[in-house]
Amino acid sequence: MGGVRRAGDGRLTLAQSRSLPHPPAFGDPFFAPLGTTASGHGVLTELVYGARTALLVGVAAALLASLVGVPLGLLSGYHGGTWLDETIQRVVDVLYGVPFLPFVVVLVAVRGASTTNVVLAIAATSWLNNCVVVRGATLSLTQRAYVDAARAAGLRPRRIVARHVLPDVLPLAAVFLAQDAATAILARATLAYLGLADDATRSWGSMLQAVQATGHVFDAPWWLLPPGVAIALLVAAFYFVGHAVEDVTEVE
Amino acid sequence: MTRFSAAYLARRLAVAYATLLAVMTVLFALLRAMPGSFVSAMTTPGMTAAQVARVRAAWGVDDPLWMRYLRFLYNYQTGHFGWSPTMHAPVAAVLARRLPRTLVLFGAAFLCCYAVGPLAGMLLGWYRDARPTPLALAVSLLVYATPVFWVAWLLVWLFDDALEWLPGRHMVTQFPSFAATPLAVAADFLRHLALPLLSVVLVGWVGAMLLVRPAMRDAARADYVHLARAKGLPERTVLFKHAGRNALVPVTASAAIALAFLVDGAVVTETVFSWPGMGRLIVTAVLNRDYPLAQAAFFLIAVLVVASRLCLDVAYTYLDPRIDFGGGER
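As you go down the protein sequences, you meet chains A and B in turn.
Quick note: the first sequence uses my numbering, first residue 223, plus one each step.
Quick note: the second sequence uses my numbering, first residue 548, plus one each step.
Hints were generated in silico from the structure; no laboratory data involved.
Glycine residues also receive a C-beta, built at the ideal position from the N, C-alpha and C atoms.
Heads up, some of the hints might be wrong.
[Unchecked claim] Each pair of labels, with its calculated beta carbon distance range:
| hint | chain 1 | residue 1 | chain 2 | residue 2 | range |
| --- | --- | --- | --- | --- | --- |
| 1 | B | L705 | A | T304 | 36 to 42 Å |
| 2 | B | M594 | A | L455 | 35 to 41 Å |
| 3 | A | S336 | B | R678 | 34 to 40 Å |
| 4 | B | L705 | A | S336 | 35 to 41 Å |
| 5 | A | R366 | B | L705 | 40 to 46 Å |
| 6 | B | T728 | A | L455 | 47 to 53 Å |
| 7 | B | C858 | A | Q365 | 37 to 43 Å |
| 8 | A | R274 | B | A554 | 38 to 44 Å |
| 9 | A | Q365 | B | Y674 | 16 to 22 Å |
| 10 | B | T572 | A | Q365 | 32 to 38 Å |
| 11 | A | T304 | B | T572 | 41 to 47 Å |
| 12 | A | L455 | B | V602 | 28 to 34 Å |
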């Protein structure tokens, strides 16, 4: 890789640090506890602002995916074996045949690389898992005696689903909500790496992309490591939440 | 009820064919919705209006949409994939050159992931109450949460830049100084394969592990496992032969979907390592507005995914006798 290699411990002289752009540095005389980037910004500052984007993308995409996937899964599972179920499942099958990341790349290329569009594109592809899993759970729940009892009592399907099926499906939906948030954050970082993210928004993915674009992958560890660690920690946190929910609600 | 019959196979084939047609429709609509046209990349400002019109007519971009759609369906089903305007070569030839490279890298990665992952999942599910299990699970989830391209950079940094043990770019040495004997070329290729493979497997095995672990946890409580223990069978036999084989069923079911996720990995990994395969091709084709190439690449991946799902569903009827395929597909 290119980039400017500095001799010694990487500290800048005062003359160097006065003029911008200067090479990214650790132990910069400016207030930048984690060092600076190639454009002279503090790594810590960018890291803090990047958290905002990551949380927004993760939570928004996961909520959207659940709002589409869970109702369709409930519908498909409750009316299992009917034309409605078949139609929904064929749509899911078709979308499973389209690879996720290239599909998102096309969607983002069609609609532009704003954060909203990235969230929409990720949600448009990640509701499939929610739908399939909720359908499976609903199918087995509707075989239970209490659902038969509710049906025999003359309740309408909508009320049976809302009051008797949905509460048992919710823990599973929560697990997938957390997992969707995790995959959405990773997908956003990957899109930023491929150059398909909004340049105006600070994010961990675009920090990593900037490290590569300015050619400092191998000589600025203080800049390369924090965004990756931050992504890993946040995504792992969502995975942990998912697994904790799974463990708590697991029927022994 | 026969679980496997010609009628079942015929119905599965019909569904697979219909799925492919639908995927083609989605592809066509999506790629036509993108702004701009690849013809603008083939014309220059110096061309006269008549010349531009001739290029547009030759590529048929001014025809009505339904005509282009029908032509697309007809051409693809008769094996005509057209010409790539940015690669200046037939699309089929470009894909035929690129696909094997991706298959080598990700075939190897697939095998490694599915050798390590299920084994780890069996152990973590079986010894679920052991003290190191939560720690091992936490570490593997943390590994699973790292962006693949970042891990790849760290590996290249360590093994190529710092230690200089393994090459971190390209598929073969660009200007080799060694004699091109088959053995030397193969060794060179394997050295270039090592880092991409390592970075995919390092993150990828966790997916398979997460599928096997819950199944194994359930199996550890099952009656047949208690019976096997009561018979006095050694613990290893109970673990791998009795519980393990049952826990592998969900992995088989999800392997086709995992294949689609490997394509995502291909896009990123191939970009990091300058590996000239399908993943990088599909992204550059989309970004360069090379529709003929992009839609053919998408189509090829869709065919692979649909075909492998079909094969797995059929294989499934043999693998798991408990599953009844009599009525519907699933």
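Comparing the hints with the structure gives:
Checked against the hint of 36 to 42 Å, the pair B/L705 and A/T304 fails, with Cβ atoms roughly 56 Å apart. Between B/M594 and A/L455 the beta carbon distance is about 55 Å. The supplied range of 35 to 41 Å is therefore violated. A beta carbon spacing of about 48 Å between A/S336 and B/R678 contradicts the range 34 to 40 Å that was offered as a hint. For the pair B/L705 and A/S336, the beta carbons lie near 36 Å from each other, so the given range of 35 to 41 Å is met.
One distance hint, 40 to 46 Å for the beta-carbon pair A/R366 and B/L705, is violated here, with the actual separation near 54 Å. A hinted range of 47 to 53 Å holds for the C-beta pair B/T728 and A/L455, which are about 48 Å apart. At about 30 Å, the beta-carbon gap between B/C858 and A/Q365 misses the expected band of 37 to 43 Å. Checking the proposed 38 to 44 Å range against A/R274 and B/A554 shows it is violated: the Cβ atoms sit about 56 Å from each other.
The hint said 16 to 22 Å for the Cβ distance between A/Q365 and B/Y674, and at roughly 33 Å that hint is violated. About 36 Å separates the C-beta atoms of B/T572 and A/Q365, a value consistent with the hinted range of 32 to 38 Å. As the Cβ distance of A/T304 to B/T572 is approximately 24 Å, the hint placing it in 41 to 47 Å is violated. Checked against the hint of 28 to 34 Å, the C-beta distance between A/L455 and B/V602 comes to roughly 52 Å, which is inconsistent with it.
Of the numbered hints given earlier, the model fails hints 1, 2, 3, 5, 7, 8, 9, 11 and 12; all others are met.
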